[in-house]
Amino acid sequence: MSLGTGQDEVSFGGAERVEPKPSSLNVDASGLAIATMGLAKRFRDQLAVAGIDLAVPRGTVYGFLGPNGSGKTTTIRMLLGLIQPTGGSQRLLGVSMPAGANAVLPRVGSLVEGPAFYPQLSGLDNLARLDAADRTASPRTAAARIDAALDRVGLLPAGGKHYRAYSLGMKQRLAIAAGLLQPRELMILDEPTNGLDPQGTREVRSLIKQIAADGTTVFVSSHLLAEVEQICSHVGVMRAGELVFQGTLEELRGRGTPRILVRTGETTLASRVLDRLGLTDVRADGREVTAQLGELAPETVCAELVHAGVPVAGLETPRASLEDLFVELTGEGFDVNG
Amino acid sequence: MSTADVAAPAALSQPAAVARWLRLLRSELRLTFGRKRNLVLLAVLAAVPVLLGLVLRFSSGASNGGGGGGNGNGPAFLSQVTGNGVFLAFLTLVVESTLILPLVVAIVTGDSIAGEANRGTLRYLLTVPAGRTRLLGIKLTANVAFCAGACLLVSAVAVAVGAVLFPVGPVTLLSGNAVPLGDGLLRLLFVTLYLAAAMAALGAIGLAISTLTEHPIGAIAAVLVIALASEVADSVSQLNVIHPYLPTHWWLSFDSLLRVPIVWPELGHGLLSFAVYIVIFCSIAWARFTTADVTS
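Chains as they are written, first to last, in my numbering: chain A, 1 to 338; chain B, 1 to 296.
Everything labelled a hint here was simulated from the structure, so no lab data went into it.
Any given hint could be a false lead.
Have a look at the derived ranges for each label pair, beta carbon to beta carbon [said to hold, decoys possible]: (1) A:Gly38 - B:Ser235: 39 to 47 angstroms; (2) B:Ile242 - A:Thr141: 33 to 41 angstroms; (3) A:Gly215 - B:Val276: 49 to 57 angstroms; (4) B:Ala43 - A:Gly114: 30 to 38 angstroms; (5) A:Gln199 - B:Leu54: 58 to 66 angstroms; (6) B:Leu39 - A:Gly114: 23 to 31 angstroms.
Computed list of lysine-lysine pairs in DSS-like fashion (alpha-carbon distance at most 27 angstroms, straight line) [said to hold, decoys possible]: (7) A:Lys171 - B:Lys36; (8) A:Lys209 - B:Lys36; (9) A:Lys209 - A:Lys171; (10) A:Lys171 - A:Lys161.
One side of the interface only, derived from the structure: several residues of chain B facing chain A at Cβ under 10 angstroms [stated by the list, open to error]: (11) Trp21; (12) Val55; (13) Ser59.
Idealized CB from N, CA, C, for every residue including glycine.
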């Protein structure tokens, strides 16, 4: 037991089976909250997840993106031990899953495929039910922890109301509260803002930011781009069961090829100049000309345009939007606007 | 840092682990006995002896002069009820065990896992993690508790109603001997527990089927079909080779408890049959539930 991580494990329990393995595995274990190696799932004749290598560094907010049906939820279900992988291996907080489920899952909060609770019970009783199911939860502190979790998601005043009377936003928040009953090292949130109105989406987003600010690694899946762009530092993009991109948000942005946009009344002249400079994909559209910038500096292009007598009303180097990049990565049919 | 204090919160001491198990069981029992549907089912079970008692009380004057050991038509015990209110309990148990009791047991046990899966609460319980074997054990215990609770409720209500509507006194057993009221009530308790064991066996079948599907209605229907098919097969004399192996065959053997001396082999066979059913179907439930993909 290393001194560095020992303290955490005391408070979260499950420590004795989490004993770090020697050398290389130990580095792996401390560095990555989620690590999968060729993780795959085949349902009968359909390959839902085609061998993916997730690497989620600790302390990050990782956006797990992809259109509906791209294998995100199946992956999350495998991570949480709900379904058995048909290939590959996986480690959660350094612990092999699903073998170490009982040891590691108490340190992981999760929301899988929407909230699901007993409609006839109050929000409070629903949390008490889940807390009772947790072997590592002390019954003595249960009431205080349940209140704190409800308070954290702003549901304390509605804690006594029947779950069936909750709005969708409240249901979603109750599910997040269930994940906050214990201090967690990792939160796995599957589409936490699915079906929420803009107000609810904003609430959940700020909640995720708070959770991450406490040092909890957050793994959040979404088919909504805007959501991920605002809260994540890392992203993984799924397409048809494959992980087509994984890296930081900056790396994703960097994948876009830079373009230049010139606003001018003389579009034909401008196009000719850009052509002469060797820019490709020159397109004139109304009072704008765009082209792929390539290696050229925008100021050089500007000088050449002015020199050639093009009246330049404006010049921009728009970066490809994340949405464009996503469509590029995930193909058609991706619901970019949600 | 010693390993002892690191391991402390995870490796619970034996009593603490038992306490946590009981906490989950309490939660499960509250859920089972607090659910409106289940309360309605229990109310239906409790209403039967009331109706039977009233019907017998107000028709007895017309049909026969009350009491007597005549074994005429109708279920066993029917004629004894008017002579001794305690027999209302035996009559009710016989009447309810053919359809109503199995129906109630099928509903509650068939729903036990499939209902959680259907609601989606199963995935939340499993990611807590409740532990699959542990959760199954809790469900089984709650099912058994419900079966026992239902049978005891029926007997208690029937005795109370019988005491109000009919004379109560020494109980004349099927073998003709009369035993004191206390002895009779004790035998009734054993009869009730025997039937509870029979229902627990059906409940084990329900639990196993419940792990196979995420549609509770389907599971409930399947359990009920099994119970009814078994009862039908049990009444076809050509099938008497398989009769001892049918899940419902030994249910009414509790009348062995109402004889002097008690017919132990009959009871033993019944209890053995229930135990075998429970072991087999719990094993099926365990094998299925601990490996199944939870996709609901």
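TODO: List in ascending order the numbers of the hints, as given earlier, that are violated by the structure.
DONE: 1, 2, 8, 12 and 13
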